[in-house]
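Undergrad: Take a look at the letters that make up each chain.
Protein chains: 2
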Amino acid sequence: MKQLLLGLILSFGVFATASDMLPSWNEGQSKIDIINYVKTVTDKNSINFIPAEDRIAVFDNDGTLWSEQPAYFQLFFAIDTVRALAPKHPEWKTTEPFKSVLENNMQGIVDSGKEGLLKIIAASHSGMDAAAFRDEVNVWIKTAEHPVKHRPYTDLIFQPMMELIDYLEANGFKVFIVSGGGIDFMRAFIPEVYGIPSERIIGSTGKVHYEDGKIIKETKVNFIDDKEMKPVAIYYNIGKRPIAAFGNSDGDLAMMQYTDANQNAKTLQLYVHHTDAKREWAYDRKSHIGQLNKGLDYAKIHHWTIVDMKQDWKVVYPFELKK
Amino acid sequence: MKQLLLGLILSFGVFATASDMLPSWNEGQSKIDIINYVKTVTDKNSINFIPAEDRIAVFDNDGTLWSEQPAYFQLFFAIDTVRALAPKHPEWKTTEPFKSVLENNMQGIVDSGKEGLLKIIAASHSGMDAAAFRDEVNVWIKTAEHPVKHRPYTDLIFQPMMELIDYLEANGFKVFIVSGGGIDFMRAFIPEVYGIPSERIIGSTGKVHYEDGKIIKETKVNFIDDKEMKPVAIYYNIGKRPIAAFGNSDGDLAMMQYTDANQNAKTLQLYVHHTDAKREWAYDRKSHIGQLNKGLDYAKIHHWTIVDMKQDWKVVYPFELKK
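Here the protein sequences come in this chain order: G and R. In our numbering, each residue's number is its place in the first sequence (first place is 1) plus 503. In our numbering, each residue's number is its place in the second sequence (first place is 1) plus 503.
Keep in mind that the hints were calculated from the coordinates and are not lab data. Treat the hints with care, since some could be wrong.
Identical copies look the same in the list; a pair holds intra-copy or inter-copy alike.
Straight-line alpha carbon distances no greater than 30 Å define the calculated DSSO-like cross-link-like pairs of lysine-lysine that follow [claimed, not checked]:
1) K677 <-> K743
2) K723 <-> K710
3) K813 <-> K797
4) K645 <-> K769
5) K717 <-> K769
6) K542 <-> K717
7) K710 <-> K677
8) K547 <-> K677
9) K547 <-> K652
10) K803 <-> K723
11) K789 <-> K645
12) K825 <-> K730
13) K547 <-> K717
14) K769 <-> K710
15) K645 <-> K743
16) K652 <-> K817
17) K723 <-> K817
Start from the sequences, fold in the hints, and give me the full structure.
TA: Structure representation (structure tokens):
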């Protein structure tokens, strides 16, 4: 049905109006910035008009499209997995980051960063078929519960950002995820939960090889999709400079600067600023996860859009809509 | 206009019939195989029905969508480039594969293979912005002339395969290029000439880094998209197993076997067999370029579709249509 509607919208040039499509955004500068931007680049009579094939939008995932506290959700998957597999790996008792996981040392795990996380995933799934791994994540994400919110992880996606993705797509944008998260972890739920297909999900990867009709995961990390590597990932996977970039941390700054440096198009850069300690979490300059420090200064100086989660969003999560 | 038509076709479920869409294919087994396959996987009442989001089709490029004789077309670009840049690189006189290029030793160049070719591209464009490189290729391809056919290289695309791509897209398939060719070389002309967007072009890559808003090419090769690395490239870039694969050489065999090993869908594997010495070239088991030996045996045993270019195609190149 969504496909049919989108087809009709594109066919007849009946562009959806923002007032319909961003109901969870309060009226304010952030919403104005988004609507004005989309209007000007899709208006054939505007000097800022950009043809649909060049309307590339890139979104970070953790902290931008769903929560990332008290730790990246993939980390909780990794912890559950390592614990389940520990009896087969006595060496983990003395090897980091496994040691921290088995000793329930959260600080040690968090300190190992995205790379440590990917090491855990890679090592614990080495020799496994990538498709089987995705099935495993899929089962986990449907049964596991967030340690603070006590809800499934997929309940903790940001409703206003989901509306923004739909709004951009309805206006001919091609939406990509460009995240530090593991690619198979994301592919296991993003297509179903966000409606973004696997070929538009870019993430960190492990080494793999082809064997007997299958893709087999190896132990080594191949590519960490963070900071200056995000523009590199966009180059390898998309091959076009984005016109709109959405992030929440210093890890997204290079991707947003790369977007801003587009010489051929008016661009939009938007930071989600976590200011809502009540409904979500409040953190920025000093956070160990999703630190937003250099990026916040840069965004202010360059007049990027900074979403104040507390002020700008009527609801944070989809389940609040049902109240 | 094409976009509008496609929108209407998809919106109202009016699927284009093959008789309209494959006019350059002679009636015969290859055309029957293609049409029957597309009909059965797009028919909601068929047990072979596959939802549109899973209709992933992968095409090799050199020898599958355009000619590759007497050498990969990218090689001619590399030769022209090396000659133009040679005065700045005295060391090339004694270093292969540059030495062979400067001495006009075609056999030496061909023997260096796709890797040698990528070395030439990488070394001759090291330190260059990837976007500027694409502009350079774009100028070259619009002015250079094929040494045998004496036509622009983009005249030497296969008309029946272009029709096949359009036919698949009109039936909801997502079409990707998965080629050993350099990614920036392909991105410079494929979107315009084949109508396939850059994010659906997968190829060999060089190392790059991000610097001051630009992607800068380095000298090292990053990924050779050939043989067993084609399924790996599909995994990294698409994340779904294809249902249809099109190739012409042993270099495509692994990608086609990976497609054939799809447990969840009926699949189509098709080899273009170069049998037409008059209109194009005739070569297979003993060719140095586009060798089709193991693949030909494998295809016969497994009843894959083998296109006999001479028998199956009314025309090879688009310019023959004008006769």
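Undergrad: Checking an output row: K547 and K652, CA cutoff 30 Å. Within, between, both or neither?
TA: neither (45 Å within a copy, 41 Å between copies)
Undergrad: What label fits K813 with K797 when the C-alpha limit is 30 Å: within, between, both, or neither?
TA: Close inside one copy (21 Å), not across copies (63 Å); limit 30 Å.
Undergrad: Evaluate K547 and K717 at a C-alpha cut-off of 30 Å and name the case that applies: within, between, both or neither.
TA: between (47 Å within a copy, 28 Å between copies)
Undergrad: Taking 30 Å as the upper bound on the Cα-Cα distance, should K717 and K769 be classified as within, between, both, or neither?
TA: Between copies only: 17 Å across, 43 Å inside.
Undergrad: Classify it for me, K723 with K817: is the Cα-Cα distance of at most 30 Å met within a copy, between copies, both or neither?
TA: neither (43 Å within a copy, 50 Å between copies)
Undergrad: If the cutoff is 30 Å on CA atoms, where do K723 and K710 land: within, between, both or neither? Let me know, please.
TA: Both. Shortest intra-copy (6 Å) and inter-copy (18 Å) distances satisfy the 30 Å Cα cut-off.
Undergrad: Evaluate K547 and K677 at a C-alpha cut-off of 30 Å and name the case that applies: within, between, both or neither.
TA: both (18 Å within a copy, 27 Å between copies)
Undergrad: Quick one: K789 to K645, C-alpha cut-off 30 Å, is that within a copy, between copies, both, or neither?
TA: neither (32 Å within a copy, 53 Å between copies)
Undergrad: Evaluate K825 and K730 at a C-alpha cut-off of 30 Å and name the case that applies: within, between, both or neither.
TA: Result: close neither inside a copy nor across copies, 37 Å intra and 52 Å inter.
Undergrad: Checking an output row: K645 and K769, CA cutoff 30 Å. Within, between, both or neither?
TA: For K645 and K769, only the inter-copy Cα distance (29 Å) is at most 30 Å; the intra-copy one is 40 Å.
Undergrad: My question is about K710 and K677: at a cut-off of 30 Å on alpha-carbon distance, are they close within one copy, between copies, both, or neither?
TA: Result: close both inside a copy and across copies, 28 Å intra and 26 Å inter.
Undergrad: How would you label the pair K803, K723 (within, between, both, or neither) given a Cα cut-off of 30 Å?
TA: So K803 and K723 fail the 30 Å test inside a copy (39 Å) and across (38 Å) alike.
When each numbered hint is compared with the structure, violations occur for hints 9, 10, 11, 12 and 17.
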